[in-house]
Amino acid sequence: MKILIIEDEIALQQSIAESLEKENFLVETAADYHSAVEKVFVYQYDCILLDIMLPKGSGLDILEELKKVGKAENVIIISAKDSLDDKLKGLELGADDYLTKPFHLAELNARVKAVLRRKNQQGKNTIELRNTVLDLNERQFFVNDKNIPLNRKEFDILNYFLLNKKRLVTKTGLAEHVWGDNSDQADNLDFVYYQIKNLRKKLQEAQAEIEIESTYGIGYKLIEK
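Everything in the sequence shown is counted per UniProt numbering, starting at 1 for the first residue and increasing by one.
Hints listed in this document are in silico derivations from the structure and should not be mistaken for laboratory results. This one's a predicted model, so the numbers in the text were calculated from it and none came from an experiment. Check the hints yourself; a few may be wrong.
[What the hints assert, rightly or not] Ranges between beta-carbon positions, derived for each pair:
1. S214 <-> K67: 34 to 42 Å
2. K39 <-> A80: 19 to 27 Å
3. D85 <-> E205: 21 to 29 Å
4. K68 <-> S35: 17 to 25 Å
5. N198 <-> D32: 14 to 22 Å
Yeah, the Cβ is synthetic: ideal placement off N, Cα and C, and Gly gets one too.
Could you put the whole structure together from the sequences, leaning on the hints where they help?
This is the structure:
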């Protein structure tokens, strides 16, 4: 799997590259608009990490051109917290995800793997694991073919866990992914615990062959029973 990092902060660029290389990804980098354009339109990448604010140009312009040629999929925008308008525009242009700086490298790795897993689902609209099925189109969850009602946040949380099964998901990363920018306004992450608690109860009562395991002080992991 080949990943392109388009990021002008060299220290951050190198940290991301080293982290992804430890996960056995092939990594290439670009530090400005022109070198990025040269690479994205000549080579094929499985995932592109795209900063919006670049020397000599905008990452959104790159994304817009990628969309025109049908290559905007598997792009994760990495940019500053105060650029909500850029975030929305990026998602409208086809970006798969958005991660605000600063972020944990483990969270970025999880996002990259989630995007790649979605790509490898080859258009399937369900995620199946053991005796459970998550229907992404109808936003329904089934255990042994029985519909288990989930609220919106429970569904989004379970979807994120299934895309990152057996991988540690931090509380902060989960909150940012499911609640977005609103998570920054919270004094603590008790709202994450509350939703996880309810979701666990529903999984247990439905006799699902998956469960959410806690890693004290860090986060959670979805495992098979």
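Each hint tested on the structure:
1. S214 <-> K67: 34 to 42 Å: holds (40 Å)
2. K39 <-> A80: 19 to 27 Å: About 23 Å separates the Cβ atoms of K39 and A80, which means 19 to 27 Å holds.
3. D85 <-> E205: 21 to 29 Å: violated (43 Å)
4. K68 <-> S35: 17 to 25 Å: holds (20 Å)
5. N198 <-> D32: 14 to 22 Å: Given range 14 to 22 Å: violated, Cβ gap about 47 Å.
Checked against the numbered hints above, the structure violates hints 3 and 5; every other hint is satisfied.
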